[in-house]
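Asker: Add chains B and C to chain A, keeping to what the hints say.
Those sequence lines, one after another, are chains A, B and C.
Oh and the first sequence: position 126 is 125 in numbering that gives the first Met the number 0, straight run, nothing missing.
Oh and the second sequence: position 81 is 80 in numbering that gives the first Met the number 0, straight run, nothing missing.
Oh and the third sequence: position 10 is 9 in numbering that gives the first Met the number 0, straight run, nothing missing.
The reader is advised that the hints may include incorrect statements.
Computed Cβ-Cβ distance ranges for the label pairs, DEER-style [to be verified]:
id : chain 1 : residue 1 : chain 2 : residue 2 : range
1  : A       : Phe103    : B       : Leu74     : 55 to 65 Å
2  : A       : Pro275    : B       : Arg142    : 54 to 64 Å
3  : B       : Gly132    : A       : Ile11     : 48 to 58 Å
4  : A       : Val330    : B       : Ile157    : 22 to 32 Å
5  : A       : Leu51     : B       : Phe145    : 52 to 62 Å
6  : B       : Asp130    : C       : Val64     : 23 to 33 Å
7  : C       : Leu97     : B       : Leu74     : 24 to 34 Å
8  : C       : Val21     : A       : Gly70     : 55 to 65 Å
9  : B       : Val167    : C       : Gly53     : 55 to 65 Å
Chain A stretches covered by chain B per the calculated footprint, using a threshold of three residues with CB under 8 Å from any CB of chain B [to be verified]:
id : region
10 : 115-126
11 : 143-156
Derived from the structure by calculation, the hints contain no laboratory data.
Even glycine gets a Cβ: it sits at the ideal position worked out from N, Cα and C.
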Amino acid sequence: MELRFLVQLGIIGFTFFMLINASALLVLAERKIMGFMQQRYGPYLVGPHGLLQPLADIIKLLMKEELRPKGADKWLFTLAPVLSITAAFAAFAAVPWGAQTTFFGLLDDPVSLGVADINVGILVIFATTSMGVYGIVLAGWSSNSKYSLFGGLRASAQMISYELSYATALSAVILLAGSLSLREVVDGQAGTWFGFIPSWYVFLQPVGFIIYMIAGVAETNRAPFDFPEAEQELVAGYNTEYSSVRFALFPQAEYINMTTMSAVGADLYLGGWHGPFLPPEYGWIWFLLKIGAILFMYIWVRWTVPRYRYDQLMQFGWKWLFPAAVLNLIVTAALVLYFNA
Amino acid sequence: MPETLIFYVLSGLAIGASALVIGQPNPMYSVMMLIASFGALAGMYIQLDAPFIAVAQIIIYAGAIMVLFLFVVMLLNAAQEDAAEWDRSHPLRQPAIARFGGLLALLLVVQLAWALLRAGGLGGPVAGQVDAGVVSSVRELGRVLFTDYVFAFEATSILILVAMVGAVVLARREEGPTSSSKEGSGP
Amino acid sequence: MIPLSHYLIVSALIFAIGTAGVFLRRNLITILLSIEIMLNAVNLTFVAFARQSGSLDGQIIVLFVMAVAAAEAAVGLAIVIGLYRHRESLNPDAFASLKW
Numbered sequence: 000m001e002l003r004f005l006v007q008l009g010i011i012g013f014t015f016f017m018l019i020n021a022s023a024l025l026v027l028a029e030r031k032i033m034g035f036m037q038q039r040y041g042p043y044l045v046g047p048h049g050l051l052q053p054l055a056d057i058i059k060l061l062m063k064e065e066l067r068p069k070g071a072d073k074w075l076f077t078l079a080p081v082l083s084i085t086a087a088f089a090a091f092a093a094v095p096w097g098a099q100t101t102f103f104g105l106l107d108d109p110v111s112l113g114v115a116d117i118n119v120g121i122l123v124i125f126a127t128t129s130m131g132v133y134g135i136v137l138a139g140w141s142s143n144s145k146y147s148l149f150g151g152l153r154a155s156a157q158m159i160s161y162e163l164s165y166a167t168a169l170s171a172v173i174l175l176a177g178s179l180s181l182r183e184v185v186d187g188q189a190g191t192w193f194g195f196i197p198s199w200y201v202f203l204q205p206v207g208f209i210i211y212m213i214a215g216v217a218e219t220n221r222a223p224f225d226f227p228e229a230e231q232e233l234v235a236g237y238n239t240e241y242s243s244v245r246f247a248l249f250p251q252a253e254y255i256n257m258t259t260m261s262a263v264g265a266d267l268y269l270g271g272w273h274g275p276f277l278p279p280e281y282g283w284i285w286f287l288l289k290i291g292a293i294l295f296m297y298i299w300v301r302w303t304v305p306r307y308r309y310d311q312l313m314q315f316g317w318k319w320l321f322p323a324a325v326l327n328l329i330v331t332a333a334l335v336l337y338f339n340a
Numbered sequence: 000m001p002e003t004l005i006f007y008v009l010s011g012l013a014i015g016a017s018a019l020v021i022g023q024p025n026p027m028y029s030v031m032m033l034i035a036s037f038g039a040l041a042g043m044y045i046q047l048d049a050p051f052i053a054v055a056q057i058i059i060y061a062g063a064i065m066v067l068f069l070f071v072v073m074l075l076n077a078a079q080e081d082a083a084e085w086d087r088s089h090p091l092r093q094p095a096i097a098r099f100g101g102l103l104a105l106l107l108v109v110q111l112a113w114a115l116l117r118a119g120g121l122g123g124p125v126a127g128q129v130d131a132g133v134v135s136s137v138r139e140l141g142r143v144l145f146t147d148y149v150f151a152f153e154a155t156s157i158l159i160l161v162a163m164v165g166a167v168v169l170a171r172r173e174e175g176p177t178s179s180s181k182e183g184s185g186p
Numbered sequence: 000m001i002p003l004s005h006y007l008i009v010s011a012l013i014f015a016i017g018t019a020g021v022f023l024r025r026n027l028i029t030i031l032l033s034i035e036i037m038l039n040a041v042n043l044t045f046v047a048f049a050r051q052s053g054s055l056d057g058q059i060i061v062l063f064v065m066a067v068a069a070a071e072a073a074v075g076l077a078i079v080i081g082l083y084r085h086r087e088s089l090n091p092d093a094f095a096s097l098k099w
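Bound conformation, chain A alone (with noise of 0.2 Å):
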C-alpha cells in the first residue's frame, strides 16, 4: 500500500466522517439559532450550551422501536430511505473541497483534496441530487398510506420542477468557467479585480445567484418551499409511517442535501477555497467558512419567511424562476460572446 493511496483514501474518510458530523451539527446550529431568532434560548442542558444535544437525539432515535406498517411494500420501505442517504453522500462525493496539496511535503505529488476530481463534476453532482427523488418519492407510496402518498408525490414533483431552473443557473456558471469540471470553475476565480474585490462569479451572475440559492432551497425541500414536509404539522408527510433509524435517515439525508446545495454553491459563485489572507493548503478553511455562511442563510430564511402553498410554489418555479434562469442564461451567453469576441 503506498502513501498516497492511503492519503486518499483517508481523505476519503475524512470527507465522510466529516459530513456526518455536519448533518448532526446542523441539527443543533438549526435550534440554537431558531431559538435565539425566537428570543429565546435553544437547547442548552445537555453538554456546554448544548453542544451534545444531538448526541441525545440520535440515541433517542436509534432507541426507538422500528415499526413497519402491515400493508407497507417490505423491500421498498426500507429501500426508501437507503436511496435517499446514498445519494446524498454521493453528491458531495463530486465536491472538491481544497486545494491540491503535498500535505507540507509528505507526499511526493500533490493530492487534490476532495474525494473525487471528474471531469464532468457538475453534471455528476446534479444527477446524483436528481436521483434524491426516488427515495422521497419511495417513502411516500411504499408507506401505503393516502396521505403519504400524496406528501411524496408533491415533494417529488416540486423537486423535478426545481431542478430545471437549478441547471440552468448552473448552466450559465459553466458558460463563464468553460469546463465541467468543479476544480477548474473554482481555480477560475482566482485572484481579484482592482486588488481587493475577489474575482468571484457572484459578482458577475448576481441574478444566477439568487436563482441558484432559490432552487437549492426548494431542491432540499427547506422553508419557504417545505409544504410537503410541513404537512407534517397539519396532516402527515412522506415520512409518516417511519420509525427510529429509518426515520432518522430522512433528515440527516436532508441536512447533507443542504451542505452539497451549500458546498457547490461556494465554489461554483463564491470562489470556493480562494481567499485572502491564508495560504493555498489551508484554503479549506475558507471554504468552511463560505458554507457556513451559507446555511447559516439557509436557517435564517427558514425560521423568518412563511411558507409558500403548494401551488403558489409550483407557479413560482415554472412561471418565475425557470423563465429568470433561461434569460440569465441568454444574457449571460451573449456577453461571453461579446466580450471574448
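Answerer: Just chains B and C, lined up with the frame of chain A:
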C-alpha cells in the same frame, strides 16, 4: 484484468436487471429494476470513454423518465393479482408455443454470438486502435452538436416542445357534462 | 481490453429481452418499459461503435435517441393515463373494441 471484471459485472447487472424488469409481475419493482439497469449501462458508457453520455443517461433516463414512469405506476395502481392473471392468460404462454419460442430464441442467440465472435473486424479490443481524446471530450461533443448536427438539434427541441404540449393535452381531465363525478386521483 | 463483439452481444441480449417483454407482458406500462430497454440496447451499440471508430457521431445519435425516448415516454404515458380513465384497466386486451 480489473477492466474486464468490471465489464462482466456491469453487463451481468444490466442483463439481469432487464430480465427482472420483464420477469417479475409487480410494475413498481420493474421500474426500480430498470433504474438499476440504467445505472449499469451508465457504468459501461464510462468504460467506453463517454462520460457525458453516461451522466446524461443518469440525468435523463434514470432521473427524469423513470420518475415519470414511477408517478404513472403509482397513480394507476392496478392490483397485482389482476396483472398476474392477465399475464397467465396470454395466448403465447401455452406450453408448446412457449417451448418452441424459447428454443428459437436460444438458437438465435447462439448463432449471433458465434457470428459476432468470428467476424474479423469486430474482434479487436474496442479501445485498441483509436485514442480516446476526441471521443471523451465534452467540448468536442458540443462543437459537433452545434455545427454539424445543428438542424437535428433544433428539430429535437421542437419535438420535445410538441411532446410536452401533447402530453399535457392528452392527460387533461375533460370538463363538461360527460365527465365522471369521481374525485381526482392526482395531487 | 474488451473486444467490440462483447459489447454487441450484451446489447443484442438486452434488445432481445426488451422485445420479449413487449410480446409477453400484458400490462401497458411494462410494455412501455420494454420499449425503453430496447432503446437503451441500441444506445449501447452506438456508443461502442463510436469508441471504436474514434468519431463522435455515435454519441450524437445517442443524445438524440435519449431526447426522442423522453418525448415518446411522456406522450405514451399520457395516452396510458387517458386509456386507464376510459376503461379502468391496463390490459391491452381490454381495448379490443375495434376488432371485427
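Asker: Hint by hint, which ones does this structure get wrong, listed from lowest number up?
Answerer: Of the numbered hints, 2, 3, 8 and 9 do not hold.
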